[in-house]
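Chemist: Chains as they are written, first to last, in the numbering used here: chain W, 1 to 271; chain H, 1 to 271.
Among the hints, erroneous ones may be present.
Pulled from the structure, derived: some chain W residues nowhere near chain H, Cβ distances all over 12 Å [what the hints assert, rightly or not]: (1) Pro13; (2) Asn68; (3) Ala197; (4) Ser202; (5) Arg234; (6) Ile247; (7) Lys270.
List of simulated lysine-lysine pairs, DSS-like, C-alpha gap at most 27 Å [said to hold, decoys possible]: (8) W:Lys209 with H:Lys269; (9) H:Lys7 with H:Lys251; (10) H:Lys262 with W:Lys209.
Worth flagging that the hints you see were computed from the coordinates, not collected in a lab.
Note that the Cβ used here is the ideal one computed from N, Cα and C, for glycine as well.
There are 2 protein chains.
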Amino acid sequence: MIVIGEKINGAVPKTGVAIANRDAEYIKELVRMQETAGVSYLDVCASTDADIEYEALCWLIDTVQEVNTIPLCVDSPDPEIILKVFPRVKEPGLINSISLEGNKCELLFPLLRDNPEWKAVALCSGGDVGVSYTAEQKAELAFKIIERAAEYGVTEDRLFLDLLIFDASTRNDTAIEFCKAIRMIKERYPNTIITGALSNVSFTLPVKKALNMAFLTLAMDAGLDSFIGDTTNRDLKALMLATNILIGKDKHCRKYTNAYRKGEIGPIKKD
Amino acid sequence: MIVIGEKINGAVPKTGVAIANRDAEYIKELVRMQETAGVSYLDVCASTDADIEYEALCWLIDTVQEVNTIPLCVDSPDPEIILKVFPRVKEPGLINSISLEGNKCELLFPLLRDNPEWKAVALCSGGDVGVSYTAEQKAELAFKIIERAAEYGVTEDRLFLDLLIFDASTRNDTAIEFCKAIRMIKERYPNTIITGALSNVSFTLPVKKALNMAFLTLAMDAGLDSFIGDTTNRDLKALMLATNILIGKDKHCRKYTNAYRKGEIGPIKKD
Numbered sequence: 001m002i003v004i005g006e007k008i009n010g011a012v013p014k015t016g017v018a019i020a021n022r023d024a025e026y027i028k029e030l031v032r033m034q035e036t037a038g039v040s041y042l043d044v045c046a047s048t049d050a051d052i053e054y055e056a057l058c059w060l061i062d063t064v065q066e067v068n069t070i071p072l073c074v075d076s077p078d079p080e081i082i083l084k085v086f087p088r089v090k091e092p093g094l095i096n097s098i099s100l101e102g103n104k105c106e107l108l109f110p111l112l113r114d115n116p117e118w119k120a121v122a123l124c125s126g127g128d129v130g131v132s133y134t135a136e137q138k139a140e141l142a143f144k145i146i147e148r149a150a151e152y153g154v155t156e157d158r159l160f161l162d163l164l165i166f167d168a169s170t171r172n173d174t175a176i177e178f179c180k181a182i183r184m185i186k187e188r189y190p191n192t193i194i195t196g197a198l199s200n201v202s203f204t205l206p207v208k209k210a211l212n213m214a215f216l217t218l219a220m221d222a223g224l225d226s227f228i229g230d231t232t233n234r235d236l237k238a239l240m241l242a243t244n245i246l247i248g249k250d251k252h253c254r255k256y257t258n259a260y261r262k263g264e265i266g267p268i269k270k271d
Numbered sequence: 001m002i003v004i005g006e007k008i009n010g011a012v013p014k015t016g017v018a019i020a021n022r023d024a025e026y027i028k029e030l031v032r033m034q035e036t037a038g039v040s041y042l043d044v045c046a047s048t049d050a051d052i053e054y055e056a057l058c059w060l061i062d063t064v065q066e067v068n069t070i071p072l073c074v075d076s077p078d079p080e081i082i083l084k085v086f087p088r089v090k091e092p093g094l095i096n097s098i099s100l101e102g103n104k105c106e107l108l109f110p111l112l113r114d115n116p117e118w119k120a121v122a123l124c125s126g127g128d129v130g131v132s133y134t135a136e137q138k139a140e141l142a143f144k145i146i147e148r149a150a151e152y153g154v155t156e157d158r159l160f161l162d163l164l165i166f167d168a169s170t171r172n173d174t175a176i177e178f179c180k181a182i183r184m185i186k187e188r189y190p191n192t193i194i195t196g197a198l199s200n201v202s203f204t205l206p207v208k209k210a211l212n213m214a215f216l217t218l219a220m221d222a223g224l225d226s227f228i229g230d231t232t233n234r235d236l237k238a239l240m241l242a243t244n245i246l247i248g249k250d251k252h253c254r255k256y257t258n259a260y261r262k263g264e265i266g267p268i269k270k271d
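Produce the complete structure using the sequences and hints provided.
Modeler: Written out as structure tokens, the structure reads:
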């Protein structure tokens with residue numbers, strides 16, 4: 001499971017305050033927490049007003065790079081901003097995100113073509129379909145994005161397809177459609193990487209952790225490869241590793257028992 | 001989801017001590033805890049040596065019946081003991097368990113035939129197959145038990161089929177085979193009730209809760225109707241209700257939000 005750490009995002013209230021105050025220590029602590037929790041990429045997103053986003057994202061990237069050891073997931077809704085901050089990023093990582101909206105494909109696929117060590121998150125939205133609710137809509141958009149990428153020589157194994165997770169409070173069928181879409185897309189393109197922003201499912205509902213956890217298990221069973229979420233939550237991490245055993249992806253429970261021995265899951269051991 | 005409360009079982013070390021000491025207050029507290037947690041049946045099992053089981057089970061049933069308000073699941077590996085204690089039980093409940101082993105069918109199906117308000121847990125073990133590990137073995141035994149029941153006029157909707165859950169540490173494929181078996185059996189007999197002893201999956205492994213929770217979500221997705229387990233664990237209960245939303249069995253999240261409002265899931269509210 002490829003985890004993209006979600007905590008360095010100005011949309012998270014405390015992170016937003018830290019970005020506004022240029023509180024470098026707070027941001028660096030978020031880096032360390034997520035690295036310790038074993039994330040594969042660190043999402044870095046300013047989520048500020050458009051007119052100050054470039055400056056804020058530059059500061060954020062520079063701050064994170066002072067301490068981080070894992071690849072960044074450079075995140076902005078504006079492809080122009082991604083192009084501008086791209087040269088600052090020292091190691092190849094992920095671009096978040098491409099979609100069929102506006103001129104994102106035209107601007108960002110050439111960047112991927114010219115930087116073959118980079119990959120991208122591709123949102124299943126935009127085009128004629130707009131926002132994709134049903135499995136069929138998600139798959140249709142995924143296939144279109146994969147085809148557009150191919151026009152630029154970008155192969156599908158470089159795309160993290162974000163199939164969009166909605167809040168279960170208004171869309172009760174969000175998990176069913178998401179899981180069905182995974183199976184549809186994997187059947188045609190087994191090498192794409194399927195991802196999603198896990199905690200969207202519990203938006204506005206109480207006891208969010210239970211919903212996020214149940215969603216993760218269902219999506220992993222359907223073939224999820226990655227998620228954008230929070231594995232500093234030890235219970236979520238334990239569930240992820242437990243699910244791995246049960247779906248047949250951890251022979252002899254080695255990853256699970258090793259994580260336990262290292263103290264990464266289970267009750268926190270006192271010295 | 002029909003939950004059979006597992007706590008009143010002499011195989012649970014503390015309960016075993018309470019039974020040995022005839023500690024009625026401890027047993028009554030287990031009744032109250034499980035009723036508050038919303039279980040549908042209370043499993044009552046002495047798990048003592050065979051020569052003292054009848055006396056112990058009589059005491060246990062009498063003690064539980066002094067306070068309980070929900071049906072019992074009368075549990076013994078010995079069908080003769082079940083026949084002997086049966087008249088003490090005041091309200092119709094479940095017999096746990098029938099299987100193709102020995103003369104269980106011959107002794108217990110007539111009891112069900114003559115007591116049409118009672119149902120039974122039927123273990124998928126015994127017969128030519130023995131213990132059922134694969135989905136095919138589980139389904140074969142389930143079909144045989146359903147056919148044997150029919151010979152006594154016991155319809156399949158009165159059978160809780162226990163498909164056997166093994167520990168994932170020695171049988172990594174236990175969840176996969178269990179879930180596959182549910183789908184195979186439901187296809188032929190949609191009215192049977194599928195159950196299993198949830199916590200078996202985590203036997204000998206650390207961080208048992210994570211495994212039990214992931215297993216529950218996967219099995220519910222496959223069509224599980226019931227489990228023998230512990231919903232006094234609030235996290236497990238929240239996950240069960242969350243999974244219900246995600247698999248499309250809680251329209252508008254009403255059961256979930258009601259459970260939250262009543263304080264049954266989520267952080268415990270202080271007065």
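Chemist: Any Cβ of chain H at or closer than 12 Å to asparagine 68 of chain W, or is the non-interface label fine?
Modeler: With a cut-off of 12 Å, asparagine 68 of chain W remains clear of chain H, as the shortest Cβ separation is near 28 Å.
Chemist: Minimum Cβ separation between alanine 197 of chain W and chain H greater than 12 Å?
Modeler: Its Cβ never comes within 12 Å of chain H, the nearest being 16 Å, so this holds.
Chemist: Taking the shortest Cβ-to-Cβ distance between lysine 270 of chain W and chain H, state whether it exceeds 12 Å.
Modeler: Holds, since 16 Å exceeds 12 Å.
Chemist: Non-interface claim for proline 13 of chain W: all C-beta distances to chain H beyond 12 Å?
Modeler: 20 Å, holds
Chemist: Can you confirm whether the C-alpha distance between lysine 262 of chain H and lysine 209 of chain W stays at or below 27 Å?
Modeler: Holds, because 18 Å separates the two Cα atoms, which is no more than 27 Å.
Chemist: Please check whether the beta-carbon of arginine 234 of chain W is more than 12 Å away from every beta-carbon in chain H.
Modeler: Violated, because the least Cβ-Cβ distance between arginine 234 of chain W and chain H comes to about 9 Å, which does not exceed 12 Å.
Chemist: Taken at face value, is the distance from the CA of lysine 251 of chain H to the CA of lysine 7 of chain H at most 27 Å?
Modeler: 31 Å, violated
Chemist: A cut-off of 12 Å on Cβ-Cβ distance, and isoleucine 247 of chain W was said to be off the interface with chain H. Does that hold?
Modeler: It is violated; isoleucine 247 of chain W is separated from chain H by about 7 Å at its closest Cβ, not greater than 12 Å.
Chemist: For serine 202 of chain W, is the shortest CB-to-CB distance to chain H above 12 Å, so the non-interface label stands?
Modeler: Per Cβ check, serine 202 of chain W is inside 12 Å of chain H; nearest 8 Å; violated.
Chemist: Is the hinted pair lysine 209 of chain W and lysine 269 of chain H satisfied, with a Cα-Cα distance of at most 27 Å?
Modeler: Satisfied, since the Cα-Cα distance of roughly 17 Å is no more than 27 Å.
Going down the numbered hints, you'll see the structure goes against 4, 5, 6 and 9, while the others check out.
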